[in-house]
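Residue numbers (the working numbering), protein chains in the order written: chain A, 19 to 351; chain B, 19 to 351; chain C, 19 to 351; chain D, 19 to 351.
One or more of the hints may lead you astray.
For chains that are exact copies, the list does not tell them apart, and a pair is met inside one copy or across any two.
[What the hints assert, rightly or not] Restricting the straight-line Cα-Cα distance to at most 30 Å, the calculated cross-link-like pairs of lysine-lysine (DSBU-like) are:
| id | residue 1 | residue 2 |
| --- | --- | --- |
| 1 | LYS338 | LYS292 |
| 2 | LYS260 | LYS108 |
| 3 | LYS114 | LYS260 |
| 4 | LYS324 | LYS260 |
| 5 | LYS338 | LYS108 |
| 6 | LYS128 | LYS260 |
| 7 | LYS128 | LYS292 |
| 8 | LYS338 | LYS324 |
| 9 | LYS324 | LYS154 |
| 10 | LYS292 | LYS154 |
| 11 | LYS154 | LYS338 |
| 12 | LYS128 | LYS108 |
| 13 | LYS114 | LYS324 |
Derived from the structure by calculation, the hints contain no laboratory data.
Protein chains: 4
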Amino acid sequence: MPITRVGIIGTGVMGSDHARILASCVAGAELAGVFDVDQARAVSLAEETGARVFDGATALIADQGIDAIIVCSPDATHSELALACIAAGKPALVEKPLASTVAGAVDVMKAETTGGRRLIQVGFTRRFDPGYIAMKEALASDRLGQALFLHCIHRNAVGPDYLTSELVIASSAGHEFDITRFLLEDEIVSATVASPRASRLAPNRQPQFILLETASGVIVDIEVFVDCIYGYDVRAELVCEKGTVSLNTSPATMLRHAGYDGFETPPDWRDRFKHAYRQQLQGWIDAIHGMPNHGASTWDGYRSMKVTEACLAACRSGQKTAVPVEEMPTFYR
Amino acid sequence: MPITRVGIIGTGVMGSDHARILASCVAGAELAGVFDVDQARAVSLAEETGARVFDGATALIADQGIDAIIVCSPDATHSELALACIAAGKPALVEKPLASTVAGAVDVMKAETTGGRRLIQVGFTRRFDPGYIAMKEALASDRLGQALFLHCIHRNAVGPDYLTSELVIASSAGHEFDITRFLLEDEIVSATVASPRASRLAPNRQPQFILLETASGVIVDIEVFVDCIYGYDVRAELVCEKGTVSLNTSPATMLRHAGYDGFETPPDWRDRFKHAYRQQLQGWIDAIHGMPNHGASTWDGYRSMKVTEACLAACRSGQKTAVPVEEMPTFYR
Amino acid sequence: MPITRVGIIGTGVMGSDHARILASCVAGAELAGVFDVDQARAVSLAEETGARVFDGATALIADQGIDAIIVCSPDATHSELALACIAAGKPALVEKPLASTVAGAVDVMKAETTGGRRLIQVGFTRRFDPGYIAMKEALASDRLGQALFLHCIHRNAVGPDYLTSELVIASSAGHEFDITRFLLEDEIVSATVASPRASRLAPNRQPQFILLETASGVIVDIEVFVDCIYGYDVRAELVCEKGTVSLNTSPATMLRHAGYDGFETPPDWRDRFKHAYRQQLQGWIDAIHGMPNHGASTWDGYRSMKVTEACLAACRSGQKTAVPVEEMPTFYR
Amino acid sequence: MPITRVGIIGTGVMGSDHARILASCVAGAELAGVFDVDQARAVSLAEETGARVFDGATALIADQGIDAIIVCSPDATHSELALACIAAGKPALVEKPLASTVAGAVDVMKAETTGGRRLIQVGFTRRFDPGYIAMKEALASDRLGQALFLHCIHRNAVGPDYLTSELVIASSAGHEFDITRFLLEDEIVSATVASPRASRLAPNRQPQFILLETASGVIVDIEVFVDCIYGYDVRAELVCEKGTVSLNTSPATMLRHAGYDGFETPPDWRDRFKHAYRQQLQGWIDAIHGMPNHGASTWDGYRSMKVTEACLAACRSGQKTAVPVEEMPTFYR
């Protein structure tokens, strides 16, 4: 088995997690390099994992000892670094969002298409979660019939201060848009947004409720509530003609304690999606080695941004807003 | 304890169920009379329960041996019989809907108000379900904070042939409108409706998705799918500032059998809401004996019809539709 | 429907609960009288419910205005009062245990047999719990095949101070012995007892583990832990040849709150078995009115005491101890 | 990261599974060689995974291109091959049981001790299951207090024909003995066995119920039923002074379908313990690279065999049987 030498750009929470997973439990890969603008942080991670510290993102991407790159730097740098990886002909896993503007995403698509090689995977981790995969398999088996509704819930315990009502849609809901497209293999054609009052515990932003229609006639609804206090909670129920399949969020053990019978909700996404994070990296490495992959492409990253754009418009207008439909380029089929 | 002598008009499925519950497990009541246009059906039920058979609804209502009436006859007769009970000064439990037109409901409200006595309870049974009551108590305790979202699901295994897409809203969703108002103690101010494709197993009607806003800023969403095949399933999750409370639909026993681990879904509402049906009758009888009651009033029945009207308009227009807000008459406070 | 006038002897926690249930939600009954050695307590309950206060148990039993009696006085008085009810020819619901000695139980059986009428029902409430009834129906349906194992768990949050290790068996486990016999329609033929170390939070008594064999070859195990701290919890799983059926203890609503997802355990048996308590009284009244009844007979009360006796011996000896098998008297079939 | 080159002896169901996991998702390892007495089977697996086929177990163990060995050959060969690996100074993961006789296990312990290096890990996979690990962590946190009871259930859908009542104890229950010792860090000191009637669907063997006591006073009970028909089901509840923690067996998705609400039970252990199988191999490889490991040692394999021996004696005698206590050799601490 060949060993892919991976460099990570950005060693904050996400980058460090990727580094540790890669170094400890992914077959066929090796953490070879790290870079962060905060060099001390990069050095610390390098010492822990045995990776080499780089002076800059460009140097890391260019280095002959680096075969593939994970981009975990701030959102504003994603598309530029993706372009650099494409220019270097090296595969990259780019954390979502692919770009900070739709135009930026288009640039990456164009460069990749021109280059003629699919090099970019967008970090929509949930595509590797065993629960979503089992939902997709249940739908594919046709045992439940066609999809009619998809109910999604996205709750964080406490959102970061900088999140506005619009960022609740633009940032938090992005995972839901991608997983909807992944599960249903269908395009979103309209968006309606309704906003309840703000929680008094997070008065500066409103939770959001997003109602989507797909080209095939599936109704998708998404609650996004980033200040639910009680814990991190991501749920989905896919309602089909003859039955429903839903994510099971209960962990490996149940607890009866202190007047409760049930389980403890995780504080954040890391434990909840730990299998997905490992599988995402394993799948990315396997794809580099030539195996099929169901990670999100540049096209997928671009379409999620188009849906986001429509949702923001719907939120402002209070009206149902169309998401322009485009044909998927042959290159991305 | 005084014994209230009850007469039942209409001895179909609902009327017979009420009769049996009243005769076997409600304190302070006695099943004294029954009437049905299908006399054989009435006679059979009378023989089973020891009640007297009446020749007509008017005779039953007028009879001195009847203290209170349950109206379970066809929908079109509800408001007329409610008016007759009011005229006779006798309490009546009227199956929902209160009337077949908004105007009919207004007539009953006027007559009751003029009469000066609250005599009519509308049969919105779910107000007596232990689950919804516990949800309301959880909200009242303020332990979870204010409500922000209410997610509702209403699924029947197989809908009756006569149900159209509009009747899915007008008939099946009615329970959800009332329970929303009951739980939140809030008025619905707008309605938006989205319809997925029809199930291929019930091609003549579409499932419906209803999005409501309340005066206080709660977002309510309702899936109504009367052909889900797998079983009867009514769910609700109330999302508050610090936690959520949801209906638990699992029955008294769990089963591990034939490759499954879980429970069997009931075929219809009767077993699912059996405690609610008993409690509804006990509560109605207790109210006749002077105890407080949280059953649905004529006003509640009327308001649900107004929401229904708005949903039907929203379904036709594809637009968000306002539900005209009215002040609750003092008489119904 | 005839109305049975009920007198209650003993108005402590259990007696008051029975009184309130009887007065508010049992058809065909009326709370007519109460007696307690603590007269103030009896008066208070009488004022709340409208019952008459009696000066003594004997006067209550003898009174022509009392048709049936509930015995909730201290355990030591049960058999004597049962005998008085039999002498008066009046039906009685006697709280468990039927007697404080096996000899006392035998006396009641003899008196009842001699009198020729089945008048005594022992208050083994669980026979009226919807969960146990559904388990028994599942077994009867033969859909799961024959029973092989019955796993039982009996946990209280905090046991009363006076409970010793022996009383954990003699008092708390009694419900399990009766429900085993009820579910399996089988006699217990041997008992083995193992005791773990005491909890440091209840150092004066040990939890107990009881292993029973039935005449037909079913293995029954019972954990009895009266100091589990987290809440009241009664569970059972009946393992059959092709599947298992188990009690579902989750209540009408689920909660996501404060880092937990699940439900709150009840503090004691009253809420957990509230349906059972109502059904027990309704079933007892119905039986008085001639309907079939599955309440525990004097024979059932006696047999549970024999199993208790064997368990105590097994606990002392550390050995498997036989429970002498006797044929059920024809009178009790 | 060094790459450990692994050879697998025995390429049946277990061996092939190990091979595929090692080749696809374990970091730091490479599947280098395979051997099976059925050479076609070995060749087929080698073609699939890129491993080299060996002519014999001895050649594979001796080969300089093999750093570590997985022994999945028939039970009777385990101890002999373990001895060969020790002689060659190479680490080995030996499928349970460590030996087919207690004497065989003692031989392996002696050889390993004499050699002075811990080289053998016994394949008690459950030690790597996230559920059992979380149970152990819950106990270690002391949040629940000390352990008092451990309830275990081990059910297979349909056992293989050759299983006798004794093999139900000797083979199927082995995992439970080891996990008890692992969870409680305590030795088993007595065993009692009770056997219900046989299922009519598997009349040639009886299910078994095993009651164990540990040195510290924990009561452990184990149901072993290898013909439960409905699916593979392994459960455990650890009851402590202030709460309980139990395995959650529900998978990543729940299903509402065909009258059921719940989840599908897996047909066998492979899907149920897939995370454990991967983690076992990753942990074994990590240990070879010098990291701490909680896999079962030769001592653990030996002690499980001693418990098995006592259970078989207890089953024959119907009496409580002591398990001789021995001090753990310093070498294995």
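Okay, the hints, checked on the actual structure:
1. LYS338 x LYS292: Intra 36 Å, inter 41 Å, cutoff 30 Å: neither.
2. LYS260 x LYS108: So LYS260 and LYS108 fail the 30 Å test inside a copy (45 Å) and across (46 Å) alike.
3. LYS114 x LYS260: Result: close only across copies, 29 Å inter versus 35 Å intra.
4. LYS324 x LYS260: Answer is neither: 32 Å inside a copy and 32 Å across each miss the 30 Å cutoff.
5. LYS338 x LYS108: neither (41 Å within a copy, 49 Å between copies)
6. LYS128 x LYS260: For LYS128 and LYS260, the Cα distance exceeds 30 Å both inside one copy (42 Å) and across copies (46 Å).
7. LYS128 x LYS292: Neither: 33 Å inside a chain and 41 Å across chains, both beyond 30 Å.
8. LYS338 x LYS324: The answer is both: 15 Å in one copy and 23 Å across copies each meet 30 Å.
9. LYS324 x LYS154: within (23 Å within a copy, 40 Å between copies)
10. LYS292 x LYS154: both (19 Å within a copy, 20 Å between copies)
11. LYS154 x LYS338: Classified as within; 28 Å inside a copy, 32 Å across copies.
12. LYS128 x LYS108: within (16 Å within a copy, 54 Å between copies)
13. LYS114 x LYS324: within (14 Å within a copy, 45 Å between copies)
Hints 1, 2, 4, 5, 6 and 7 from the earlier list are contradicted by this structure; the remaining hints agree with it.
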